[in-house]
Structure formats: C-alpha cells, structure tokens
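S.K.: Here is how the chains run, residue by residue.
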Amino acid sequence: MKSLICSFKSHRSLTGLYVLMAGLFVPSLAMADDLSAGDTAWMITATVLVLFMTIPGLSLFYAGMVRSKNVLSVMMQCFAITCLMTILWILYAYSLAFGDGGSMNGFWGGFSNALLANMSVDSMSGTIPESVFMTFQMTFAIITPALIVGAFAERMKFSAMLLFMAVWVTIVYAPICHWVWGGGWLGSKFAILDFAGGTVVHINAGVAGLVACIVLGKRKGYPTTAMPPHNLALTLIGAAMLWVGWFGFNAGSELAADGTAGMAMAVTQIATAMAALSWMFAEWMAHGKPSALGIASGAVAGLVAITPACGSVGPMGALVIGLASGFICFKAASTLKRKMGYDDSLDVFGVHAVGGIVGALLTGVFSATTLGVFSGQGLADGVTSIGGQVFNQSVAIIVTIIYCGVLSFIILKVIDAVIGLRVSEDEETEGLDLASHGERGYIL
Amino acid sequence: MKLVSAIIKPFKLDDVREALHEIGVQGMTVTEVKGFGRQKGHTELYRGAEYVVDFLPKVKVEIAIAADQVEAAIEAIIKAANSGKIGDGKIFVSGLDEVVRIRTGETGSEAL
Chain A
5 MKSLICSFKS HRSLTGLYVL MAGLFVPSLA MADDLSAGDT AWMITATVLV
55 LFMTIPGLSL FYAGMVRSKN VLSVMMQCFA ITCLMTILWI LYAYSLAFGD
105 GGSMNGFWGG FSNALLANMS VDSMSGTIPE SVFMTFQMTF AIITPALIVG
155 AFAERMKFSA MLLFMAVWVT IVYAPICHWV WGGGWLGSKF AILDFAGGTV
205 VHINAGVAGL VACIVLGKRK GYPTTAMPPH NLALTLIGAA MLWVGWFGFN
255 AGSELAADGT AGMAMAVTQI ATAMAALSWM FAEWMAHGKP SALGIASGAV
305 AGLVAITPAC GSVGPMGALV IGLASGFICF KAASTLKRKM GYDDSLDVFG
355 VHAVGGIVGA LLTGVFSATT LGVFSGQGLA DGVTSIGGQV FNQSVAIIVT
405 IIYCGVLSFI ILKVIDAVIG LRVSEDEETE GLDLASHGER GYIL
Chain B
66 MKLVSAIIKP FKLDDVREAL HEIGVQGMTV TEVKGFGRQK GHTELYRGAE
116 YVVDFLPKVK VEIAIAADQV EAAIEAIIKA ANSGKIGDGK IFVSGLDEVV
166 RIRTGETGSE AL
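So the sequences go chain by chain: A and B.
Using this note's numbering, count along the first sequence one by one with no gaps and you end on 448.
Using this note's numbering, count along the second sequence one by one with no gaps and you end on 177.
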C-alpha cells in the first residue's frame with residue numbers, strides 16, 4: 005500500500021491554474037501529487053465499500069450465526085466499534101499509524117498529526133486528497149476490531165468490549181499498521197508483500213480473537229449444549245455484502261484507479277469463488293451435504309487469503325490460493341477448535357488468522373514471475389527468490405502473532421482485573437440483547 | 066362423546082381439515098407441537114459441529130365428536146394424513162365426560 009503523504013498547501017485557484025498550465029504546456033513535468041480525478045473518485049467509492057463491509061456486511065454475517073437472544077448484541081458491537089474507531093482514528097490513531105515519528109518512525113508515527121492538525125482541504129496523499137486516504141484507512145481500523153467480535157460473541161460485557169477495542173486499536177493495530185504500511189521497520193527492513201492487509205487486518209484480528217476467547221473462557225454450556233446459528237439467511241446476506249465490499253478493500257488498496265487495481269479486483273473474485281467451492285466440496289465429501297454456511301464461510305476464507313496477494317499475483321495463482329484457503333480453513337474451523345478445546349464462537353481464528361497465514365505465505369510463492377501460467381507480477385523490491393520472499397512473509401506473520409498475541413493478552417487481563425470481561429452467568433443465560441441492551445431482536 | 070387427538074405432519078393440516086369438514090365435523094382446535102416417535106429427530110451440522118435435534122415440529126388436531134362419528138373421523142384423518150413415510154403421526158381417542166358451550170350454557174351433545 006502506498007503511504008506517501010505530502011502536504012500540498014497552496015491556494016486552490018492557483019493550484020487549478022497550475023494544473024491547467026501543466027496540462028497545456030508541459031504535461032511531462034506535472035507534479036507527482038497532482039490530484040487525479042479518476043483515482044479520487046475510485047477511492048471515495050472504495051472507502052464506502054469497505055465501510056459497507058462492517059456495517060452491514062460483517063454485522064449480518066455474525067448476527068445470523070449467534071443464538072436469537074444475542075442477535076442485537078453482535079450487531080450493536082459492530083456498530084459501536086464503527087463509531088468509536090472513527091473518533092479514535094481522527095483524534096490520534098491515524099497519526100500513530102501514518103504520521104511521521106521522526107527518529108522513532110520505525111516504530112510509530114507519533115502524534116504530529118493528532119486531531120488531523122496537518123490535514124487541510126488541499127493536503128494530498130499521492131494523487132488523492134489526504135482526507136480520502138485518511139477515511140479509507142479509517143475503514144480498515146474499523147473492520148479489524150469488528151472482526152474480533154466473533155471470537156468472544158455471546159459472553160463479553162459491552163463496556164469491557166469498548167475498552168478493549170479502544171486500547172487494542174491504539175497499541176496493537178496502529179503500530180502494526182505503521183510497521184507494515186506507514187513506513188515502519190517491518191515494511192522497510194523486510195521487503196514484505198501485504199497488499200491489502202493479510203497481516204495487519206486478518207492475522208491481527210484472528211490472533212486477538214483467539215487470545216480473547218481463551219482469556220474469557222468458553223460460553224456456558226459449550227460444547228455440550230447445542231448452539232446452532234439462529235438465522236443463516238442473515239449470515240448469507242452478510243457474506244454476500246462482505247464479498248461485494250471487499251473489492252473496495254482489495255482493489256482500493258492500490259490507492260489509484262489503474263491496472264493493479266483492476267487485477268486486484270479480478271484475482272479477488274477468482275480466489276473467493278474457488279475457496280467457496282473448495283470449502284463446499286470438502287464439506288460435502290466429509291459430512292455428506294453441501295451447506296449454505298459452508299459455502300459462505302469458504303467465500304470469506306478466500307477473501308481473507310487473497311487480501312495480501314491481490315496486488316502481486318495473477319489469475320492462476322489466485323485460483324490456487326482459493327483452493328488451498330477454502331480447504332485449509334474448512335479443516336481449521338471444523339476440527340481445530342474442538343481438538344484444542346477453545347470456544348472461538350464464530351471461528352475468527354479458524355477463518356481470519358488461518359486464512360490470513362495461508363494467503364500471506366502463498367503470496368510469497370505466486371508473486372514470482374517464474375511460474376509459467378501461475379506467475380504473478382513480481383516479488384518485492386530486492387527479493388530474488390521465492391524462498392526469500394516466503395521468509396520475509398513468515399517474519400511478518402510471526403511478528404504479528406507474537407506482538408498481537410502478547411499485547412492482547414495483557415490488555416484483556418488488565419481489563420478483567422479492573423472491570424471484569426464477562427457478563428454474569430444469569431445474564432449469559434438470559435441473552436446479551438436483554439441483559440446488556442434491554443431490548444430483544446425479535447418480538448414475534 | 067369422544068375426544069380425538071391426531072398428531073400429524075404440519076403440511077397435512079389443510080388436507081385433514083378438509084377431510085373432517087366433509088364428514089360433518091363442526092370445529093377443531095389446532096396446536097403446533099414438538100415431539101418424537103419412531104421417526105426420531107435429525108442431525109444438523111454447522112462448520113463440523115453436529116447437533117442432534119430430538120423434537121420435530123408436528124401439528125396436533127383435537128376434535129370433540131359424538132361416539133358414532135369416531136370411526137368416520139379416524140378414517141378421514143388416516144386417508145388425509147398418510148404419506149406412507151415414517152413420521153406421519155398418531156391418533157389418540159379418549160372418552161369425554163362433559164362439554165359446555167360457554168355462550169348459551171348448553172351441555173352434552175347439544176354443545177358439540
């Protein structure tokens with residue numbers, strides 16, 4: 005992801021005049037950060053699409069999978085996260101992630117752009133206004149915490165959830181985002197390929213989810229009590245919205261309307277469809293029936309896996325990434341948590357972390373230009389072999405897992421000691437809709 | 066007077082109502098119920114997690130009729146509710162001590 009932010013402070017009419025003159029007389033000398041109307045139009049659209057992924061997409065995807073007494077609680081959590089992250093992002097988190105941290109820039113972006121102090125109507129980020137770049141990145145900071153909700157669904161206190169998310173986005177998401185995309189040490193020391201957020205978004209959210217569901221403990225009655233999804237129609241609608249919105253996420257991460265964005269769109273579609281079929285057929289063979297939840301989960305697994313890859317792999321690479329992620333995530337979601345004994349309610353780890361890891365590793369393979377029909381557009385600058393790229397990808401994966409895992413654990417333990425993480429047993433039995441929000445999702 | 070309770074498959078309700086209407090049954094009470102017999106429940110599978118659903122949805126039709134109507138009513142219900150597959154349901158017949166029509170206070174067969 006491009007992250008160059010330039011302040012372009014000149015009078016608007018003068019800027020317009022300059023652009024006009026440049027266009028007429030010396031087009032080849034046009035400044036690098038001239039505003040491109042095409043790029044800007046696409047990035048405004050992409051930003052809206054990514055917001056659409058969280059509300060309503062992810063909200064519905066999760067809402068359908070919980071029991072009817074908790075349907076509002078997960079939708080409410082996604083909605084509240086959207087609002088809270090928006091405010092934290094503009095107050096300081098955007099500066100932490102994409103600011104210039106000076107001598108400490110390897111680790112964080114500092115507070116120089118807190119309160120969006122340096123952002124004016126003329127500020128540019130590449131060929132788009134910084135306001136668009138800032139809002140686009142904000143939607144990523146919204147969906148990443150919202151993804152974690154699925155892991156601790158049906159048992160976390162609303163207040164503890166808000167507190168956890170606020171701290172988490174500050175000391176986990178913003179720094180990792182800076183390391184990979186904001187000019188920090190991971191992106192500059194190790195030439196990694198993470199086009200749209202395999203590590204920053206999906207492995208990050210998946211690992212935080214795993215830690216959260218382990219620290220919180222299992223839902224009351226799990227795994228002996230049946231906790232089937234209460235409305236898979238909602239889940240399928242949500243998955244479909246995630247799929248549509250994901251084009252903003254992946255093709256938008258080019259920050260421009262160009263060939264790379266176009267290819268990102270194509271490979272996203274290919275990997276998603278392949279992963280959905282892969283999960284469906286794997287389940288059909290293993291359990292005798294192709295399920296609606298299975299095909300929707302497979303689509304999300306494919307979307308996750310193609311996310312880091314979509315800026316550098318080709319169509320046939322995408323096909324393999326889809327095939328692998330659908331099958332591996334099916335295995336992870338249907339067997340891993342039962343074998344390991346944790347209660348990741350909606351399989352955030354099994355789909356997002358596992359899919360993210362599969363995608364990040366395979367990005368290192370299928371970006372290579374030496375694979376014939378499976379070739380991609382090339383490895384990261386300075387990397388000469390698939391092995392070298394896969395090594396760099398592994399470093400990013402491991403750093404994310406360790407940093408996110410350890411800090412998430414500490415944040416949760418501290419919150420647990422101060423205000424408690426879980427609702428009471430009675431409230432859990434009653435359902436969070438009534439217990440936490442005083443409302444019911446369904447009055448039939 | 067007899068009380069006939071028939072547990073049937075939900076989608077057979079309209080057929081049963083029609084068949085009973087044809088033999089002159091004047092009214093009935095219908096309840097959505099759950100239960101199991103020889104058909105047992107079924108299993109559902111969500112991302113590899115298997116849930117056994119023990120109780121299947123059925124409809125209970127209750128009719129209060131004169132004793133001499135019972136044969137015809139049973140025959141009508143069997144004909145209408147039989148799909149030939151396991152899970153078609155059962156008919157229970159029991160005696161009825163008293164019937165009262167609330168509006169008029171009529172009792173016994175007058176009230177049927």
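Treat the hints as calculated values from the structure; they're not laboratory data.
Just so you know, even glycine gets a beta-carbon here, dropped at the ideal spot from N, CA and C.
Any given hint might turn out to be false.
Claimed, not checked - Non-contacting residues of chain B with respect to chain A, defined by C-beta distances greater than 12 Å in every case (computed): (1) G92; (2) T108; (3) I143; (4) G149; (5) G173.
As the list claims (entries may be wrong) - Cut-off 25 Å, straight-line C-alpha distance, at most; resulting in silico cross-link-like pairs (PhoX-like, lysine-lysine): (6) B:K150 <-> A:K73; (7) B:K125 <-> A:K293; (8) A:K222 <-> A:K73; (9) B:K105 <-> A:K293.
S.K.: Evaluate each hint against the coordinates.
M.R.: Hints, verified against the model:
1. The beta carbon of G92 (chain B) sits about 27 Å from the closest Cβ of chain A, which is more than 12 Å, so the claim that it is off the interface holds.
2. Interface exclusion of T108 (chain B) from chain A breaks down, the closest Cβ pair being 10 Å apart, not more than 12 Å.
3. A cut-off of 12 Å between C-beta atoms confirms that I143 (chain B) is not in contact with chain A; the least separation is 33 Å.
4. Separation of G149 (chain B) from chain A is adequate, the least Cβ-Cβ distance of about 24 Å exceeding the 12 Å criterion.
5. No Cβ of chain A approaches the Cβ of G173 (chain B) within 12 Å, the least distance being about 40 Å, so the stated non-interface status holds.
6. Of the pairs offered as hints, the one joining K150 (chain B) and K73 (chain A) is violated, with about 35 Å between alpha carbons and a cut-off of 25 Å exceeded.
7. Note on K125 (chain B) and K293 (chain A): the hinted pairing is violated, with a Cα-Cα distance of about 31 Å set against a maximum of 25 Å.
8. For a cut-off of 25 Å, the pair hint linking K222 (chain A) to K73 (chain A) stands: about 17 Å separates their Cα positions.
9. At most 25 Å may separate the alpha-carbon atoms for a hinted pair to count; K105 (chain B) and K293 (chain A) meet this at roughly 20 Å.
Hints 2, 6, 7 from the list above are not met by this structure, while the remaining hints are.
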